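Listed in order, the protein sequences are those of chains A and B. Numbered by numbering that gives the first Met the number 0, the letters in the first sequence go through residues 0 to 63 in order. Numbered by numbering that gives the first Met the number 0, the letters in the second sequence go through residues 0 to 248 in order.
In short, the hints are calculated from the structure, not lab data. Fair warning: there could be bad hints in the mix.
[Claimed, not checked] Selected chain B positions facing chain A (Cβ under 8 Å, derived; list incomplete):
hint	residue
1	Lys121
2	Ala141
3	Leu163
[To be verified] In silico negatives: residues of chain A with every beta carbon more than 12 Å from chain B:
hint	residue
4	Ala14
5	Asp26
6	Arg47
This one's a predicted model, so the numbers in the text were calculated from it and none came from an experiment. Backbone N, C-alpha and C define an ideal beta-carbon position, used for all residues, glycine too.
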Amino acid sequence: MMVPVRCFTCGNVVAEHWEEFDERANDGDEDPEAVLDELGVERYCCRRMLVSHRDLVDVVSPYQ
Amino acid sequence: MTEEYDVEFVETGDRKARFLVRGVTPAFANGLRRAMVADVPTMAIDEVRFIENSSVMFDEQLALRLGLVPLTTPPEGEFVDGDTVTLSIDVEGPGTAYSGDLVSSDSLVQPAEDNVPIIDLKDDQRLEAEADALIERGKDHAKHQGGVAVGYRHLQRVEVEGDLPEFEDERSQIVRGVIEDDGELVPTSEFDDDLSNRYPGKEVSVEDVPNAFVFHVETDGSFTVDELVTRAVESLEARATELEEAVQL
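Please model the entire structure based on the sequences and the hints provided.
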């Protein structure tokens, strides 16, 4: 639903980068690889946390 | 340990560092790694009392998210096991509740990261809660783990054996970590992890340097790398002393 706060594998805090990543790579047309490099998310365990995430709050909220 | 040990920094930063330790046994190196991961206490939210939660997530889901937010660790001796610090959060939608909205009752314990989204709030949704943070070790729960991706590799010594035979194709030779070349420490990322970039047309041999370990240490923001390593060593020492006293006649 919301981005996981930390990487499942290594425990690095990744959620702080989500909003910028979403804006630039998902909504914008920047290359996700370049954005992640710039944000300093180095390891592939942390990178998959952001790349594979889908925000569901907007989908669920009408059914409260 | 009779051999003298020596520490050299390869890369330094507040939250990330690489350093070389010489003259320690593999057992000690691993002991230090494990102490950094599991034995250095950090603060984390453990219990949450919800006053109002009309968001799309359940109380326990939010409690987990709050628990994972890194908090700064007070200096040693300020808190003992079992002491708590209360933090409160009160955010009304529309908007997002961030870790930075947590208000702490103690200035020593603050969210280390202000931009972690806790929950998206729509119109008329509200999150109001009180949370107790306590100091515990990584072995109790991963949220108390201060060291992130802590590991070590052998230092590798590269020696040039001679030239490649005249008609032989150059083959890439991948090495990761830090190499020692004539006493100089070179991170392999400088030559794209490929020895054939650094020594074109040469035949090289790579071997582990005995009892020399390159540590890679990152922290989640609870404290600096310096502090993490120092506290890990202290905890190792304390346990060794305890053992020594316990087995004396």
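Here's how the hints hold up against the structure:
1. Lys121: Holds: closest Cβ of chain A sits about 5 Å from Lys121 (chain B), inside 8 Å.
2. Ala141: Nearest chain A Cβ about 6 Å off; hint holds.
3. Leu163: Where the cut-off is 8 Å and the nearest Cβ of chain A is about 33 Å from Leu163 (chain B), the hint is violated.
4. Ala14: 5 Å, violated
5. Asp26: 16 Å, holds
6. Arg47: Correct as stated: the minimum Cβ-Cβ distance to chain B is 15 Å, above 12 Å.
Comparing the model with each numbered hint stated earlier shows that hints 3, 4 do not hold.
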